[in-house]
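Chemist: Those protein sequences? They're chains A and B, same order as listed. Numbering-wise, our numbering puts 99 at position 99 of the first sequence, and it's gapless, one number per residue. Numbering-wise, our numbering puts 268 at position 103 of the second sequence, and it's gapless, one number per residue.
Rather than coming from a laboratory, the hints here were simulated on the basis of the structure. Incorrect hints may have been included.
Stated by the list, open to error - Keeping only pairs whose Cα atoms sit at most 25 Å apart, straight-line, the calculated DMTMM-like set for lysine to aspartate or glutamate is:
{"#": "1", "chain 1": "A", "residue 1": "LYS119", "chain 2": "A", "residue 2": "ASP65"}
{"#": "2", "chain 1": "A", "residue 1": "LYS119", "chain 2": "B", "residue 2": "GLU621"}
{"#": "3", "chain 1": "B", "residue 1": "LYS585", "chain 2": "A", "residue 2": "GLU127"}
{"#": "4", "chain 1": "B", "residue 1": "LYS257", "chain 2": "B", "residue 2": "GLU246"}
{"#": "5", "chain 1": "B", "residue 1": "LYS549", "chain 2": "B", "residue 2": "GLU614"}
{"#": "6", "chain 1": "B", "residue 1": "LYS549", "chain 2": "A", "residue 2": "GLU127"}
{"#": "7", "chain 1": "B", "residue 1": "LYS624", "chain 2": "B", "residue 2": "GLU614"}
{"#": "8", "chain 1": "B", "residue 1": "LYS578", "chain 2": "A", "residue 2": "GLU133"}
{"#": "9", "chain 1": "B", "residue 1": "LYS578", "chain 2": "A", "residue 2": "ASP65"}
{"#": "10", "chain 1": "B", "residue 1": "LYS223", "chain 2": "B", "residue 2": "GLU211"}
{"#": "11", "chain 1": "A", "residue 1": "LYS61", "chain 2": "B", "residue 2": "GLU621"}
{"#": "12", "chain 1": "B", "residue 1": "LYS578", "chain 2": "A", "residue 2": "GLU127"}
Chain by chain, the residues:
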Amino acid sequence: MMASIYEKKPASSKKTGVLGGFTIMMGKRVLIVDDESNIRLTLRICLEREGYQMEEAANGKEALDMVMRRTPDIVLLDLSMPVLGGMEVLKRLREAAAPPPVIILTAYGSVPNAVEAIKLGAVDFLEKPVTPEAVRTAVARVLAEEAQAQDAEDWGVDAVLARQG
Amino acid sequence: MKFVFGLRQKLIIGFGGLLVIMTIVGGQSVILLSRLGQSIDVILRENYRSVIASQEMKESISGMDDGAQFSLLGQVDKGHEFEVQNIPRFEKALDIELHNITLSGEGEKVERLRNLYEGYRTEYPKVLDKNRSPAERQAVYFNTLLPLFEQIRNTADEVLQMNQEAMVAASNRAKEIAAQATRRMYLLLFVGAALAVIFVIFMGRSILLPLQTLTQSVRDIEQGHLDLVVQVRSHDELGQLAEAFNAMAARLREFRRGTRVRLMRTQQIVQQALDSLPDAVVLLSSEGQVEMVNRTATALCGLKPGEPVNNSHAPWLPALFKAIREGHPVQPKGYESTIQIFDHGQERFFLPQAIPILDEEKRLMGITIVLADVTRLRKLDELKSGLLSTVSHELRTPLTSLQMAVYLLLEEKVGILAPKQVELLVAAREDIDRLLHIIDNLLDLSRIESGRVRMELQKMMPREIIYQAVDPMRAFFQDHGITLDVDIGAETPGVWADPARIGLVLTNLLSNALKYTPAGGSVRVGAHPEEETVRFSVSDTGVGIPEPYLPRIFDKFFRVPDQTTTGGAGLGLAIAKEIVEAHGGQIECQSREGEGSTFSFTLRRADKPLQKNS
Chain A
1 MMASIYEKKP
11 ASSKKTGVLG
21 GFTIMMGKRV
31 LIVDDESNIR
41 LTLRICLERE
51 GYQMEEAANG
61 KEALDMVMRR
71 TPDIVLLDLS
81 MPVLGGMEVL
91 KRLREAAAPP
101 PVIILTAYGS
111 VPNAVEAIKL
121 GAVDFLEKPV
131 TPEAVRTAVA
141 RVLAEEAQAQ
151 DAEDWGVDAV
161 LARQG
Chain B
166 MKFVFGLRQK
176 LIIGFGGLLV
186 IMTIVGGQSV
196 ILLSRLGQSI
206 DVILRENYRS
216 VIASQEMKES
226 ISGMDDGAQF
236 SLLGQVDKGH
246 EFEVQNIPRF
256 EKALDIELHN
266 ITLSGEGEKV
276 ERLRNLYEGY
286 RTEYPKVLDK
296 NRSPAERQAV
306 YFNTLLPLFE
316 QIRNTADEVL
326 QMNQEAMVAA
336 SNRAKEIAAQ
346 ATRRMYLLLF
356 VGAALAVIFV
366 IFMGRSILLP
376 LQTLTQSVRD
386 IEQGHLDLVV
396 QVRSHDELGQ
406 LAEAFNAMAA
416 RLREFRRGTR
426 VRLMRTQQIV
436 QQALDSLPDA
446 VVLLSSEGQV
456 EMVNRTATAL
466 CGLKPGEPVN
476 NSHAPWLPAL
486 FKAIREGHPV
496 QPKGYESTIQ
506 IFDHGQERFF
516 LPQAIPILDE
526 EKRLMGITIV
536 LADVTRLRKL
546 DELKSGLLST
556 VSHELRTPLT
566 SLQMAVYLLL
576 EEKVGILAPK
586 QVELLVAARE
596 DIDRLLHIID
606 NLLDLSRIES
616 GRVRMELQKM
626 MPREIIYQAV
636 DPMRAFFQDH
646 GITLDVDIGA
656 ETPGVWADPA
666 RIGLVLTNLL
676 SNALKYTPAG
686 GSVRVGAHPE
696 EETVRFSVSD
706 TGVGIPEPYL
716 PRIFDKFFRV
726 PDQTTTGGAG
736 LGLAIAKEIV
746 EAHGGQIECQ
756 SREGEGSTFS
766 FTLRRADKPL
776 QKNS
C-alpha cells in the first residue's frame, strides 16, 4: 500500500560509477533489494558515486532470479517485502553454491530479528533510517572482509596475515 | 382480684404453721401436766381427810371406851374426863366424814357409823351413872356398849381402809395418766415434727425450686437460648419475676429477630450490589475461607461461600490471601500482573486487587478481592501498542529515503548547493532527526509500557552510570555556558541497573536541564545512598516548573505551556519514569518557578538482598 504511494519511476539500471572512495571497490556489483523505489533510488545514488555497479530488485523473488542469473558481490536486503520476504531470501540464498554476503537493512530492527538474520547468514544488520555514510561504510567493510577472505582462500591464511603485516 | 399466695403469705404460712405446731404441742403438754397434778391433789386431799377423820374416830372412840372402863373400875371422874375429852373429837371427826363422802359405799358405812354412835352415845351415860350398881353398869357395858364400841371401831377402820385403797387407786390412776400424757406428748411431737418437715419441703418446693428454675433459665438466656420460656407456675413474686423474664426474653427474641431480618436484608442488599458489579468480587475471612462471592466470581471461577482458600477452584486465590496475611496489600499494577481466566472457552484477563478489612484495632477481619475485567482494556492496549509500533515502523520507511536524500544533497556530491539551499536542507535535516527521535521514543515507551522489555539488571557503580551519561554531554553544556558538576556521596554503594536504559534516563534528565537552563546557570548531577536505595539527582538553576503542572510532568506528551523550547514531544520524562519504575525505583520532581528544578530517582542498592519481583 505504502509502496504504491511512494512509487515514482522505474529505477534506471546499471550506471557505472565514476570515482569511489575505494578504488578496490570499483566495478563491484551491489544488489539493492527493497520494495520502496525511493529507498532504492537514494541507496543507488548513495553508492553509485562510490564506483559500484548497482542492480535493483523490488522483492525477494526478483532478487533471487537476479542472483541466479549472475551473483552480485554484495546484497542490501530489506526484510519486509511483498511476494518474498527478506528472511526467506536469506534461507534460499544459503542453498546457492556461492552465496553473496548480505547486509540487512530494515525498519523492523529488533534484536530477535537481527539474531535470526545473522543465524541465516547475514553479515551485517542496519536499522532504517540510515545515513548515507553508514551505508557506505558498511558496504565497504563487508567487501573488504570478503576480499580478505577471498585472498585467504587463494593464498592461504599465512599469506594474508603476512600481507597485513 | 384473685387472691394469690405471695412469697410473704407463703413464708407466713410456713413459719405460722410451725408456730401453730409449737403452740399446740406446748398447750397440750401444759394441759396434761396440770390435769395430772390437779386430779392427784384432789383425790389425795379428800381421801386423806377421810383417813384422818376415820383415824380420829377410832382414837376418840377408844378414848371413850377407856373412860367407860375407868368408870367401871371406880374411877368415874376419870371416866367423865375421857368422856368430855373424846365426845367432841369423835363428833367433829364424824361430822367431817359425813361431809367428805367421796367413795361409793362410803355413805352407808358413815350412816351406819352415825347410827352406831348414837346408840353408843345413848348407852354410854348408863355406864358412868353412879346411881346404878356396878353390876348393872358392868352388865350394860359388856352387853351393849362394848359390842357397839367394837362395831364403831371396825366400821371406822373399814372407812379408813376404804379411803386408803382409794388413795392407792388414785395414785395408780395418776401414774397411768402420766404415762398417757407422755404417750400423747410423743405423738404430738412426732406429728409436729412431721408437719414441720412437710412445711420445710413445701417451702423448698414453693420458693427454692422456682428460684432454681429461674436461675437456670437466666443462665440459658445468657448463653443465647432466647427461645426458652422460664417454667415457673407459681403465682407469687417468683412467678411474677419469671413472667417478667419471659417477657424480657420475648422482647429480646423479637429484637434479635428484627436484627436478624435487618442483617439478612443488609446481606441481601450487599449480595445484590456485589452481583451487579461487572468485576469479580470475593470476600475472604481472616481464617482463609470464602465468605461472600458475587455472581461474576461464581460464574468465572466456580467459587462458593464456605470454601477454604487453599482448596478453592481459583488457583490464584492463595497467593493473594498470603500476601495480605503478610501485610502487603495487592494493588493493581501493569498488565503483567493480570490473571488469565477462561470463560466458556474465551480468554479473559483480570487485574487483581486485594484490600485488607481491618477493625478499629487494625486487626485483620477479612479481605476484599476485586478482579477487574481488563480484557477489553488489555485488547485496546495491545491494539494501541501494535498501532504505535506499526505507525512508528511505517513512518521510518519514508523517513529513511527523506533522510538519505537530504544527507546526500548536503554532501554536495550530487551537485553544488547555493548557501540558501544548504540552509534550507540543514533545517530539513534537523527536523528529520527530531522526528526520528520522537518516533524512537514512542517505540521505546510502548515497548517498556507493554512490559515487553525486560530490564537487564546488573551491578553498577553510580559513578559509572553518571559519567557515562555526563561525559558525552559536557561539550553541549559548555557551549551553552552552563556549569556542570558531579557530586557523588562518599561510600555510595553499587546499584542494580540496566546500563543502557538508566543511561537514557540520565540523558533525558540532562538534556531537559540543558534545555531549560539559561546561560550562566549550573547543573549538578548527584548520587547519594539511602536506606534501601541510592538516589540519583539532576538539579538545575533553570526556569523551573509552575506548581500546578508538577503532577503532570511525567505524563506522556505533556509539556509545560508557554515554555517555548525546541524539540521534544513530551516523552522524555514519561520514558524516564517507565524505565525507573521498571527498575523498581521511583522518580520525582521538585521545582520552584524561576529558581530551578530537581529531578531525582532511586535505584535499589546492590549491597542489599534483592526483594521479590524485579
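Chemist: Decide, hint by hint, whether the structure agrees.
Modeler: Each hint, compared with the structure:
no.: 1; hint: A/LYS119 <-> A/ASP65; in the structure: holds (23 Å)
no.: 2; hint: A/LYS119 <-> B/GLU621; in the structure: holds (23 Å)
no.: 3; hint: B/LYS585 <-> A/GLU127; in the structure: violated (31 Å)
no.: 4; hint: B/LYS257 <-> B/GLU246; in the structure: holds (18 Å)
no.: 5; hint: B/LYS549 <-> B/GLU614; in the structure: holds (11 Å)
no.: 6; hint: B/LYS549 <-> A/GLU127; in the structure: holds (23 Å)
no.: 7; hint: B/LYS624 <-> B/GLU614; in the structure: holds (24 Å)
no.: 8; hint: B/LYS578 <-> A/GLU133; in the structure: holds (12 Å)
no.: 9; hint: B/LYS578 <-> A/ASP65; in the structure: violated (32 Å)
no.: 10; hint: B/LYS223 <-> B/GLU211; in the structure: holds (18 Å)
no.: 11; hint: A/LYS61 <-> B/GLU621; in the structure: violated (39 Å)
no.: 12; hint: B/LYS578 <-> A/GLU127; in the structure: holds (24 Å)
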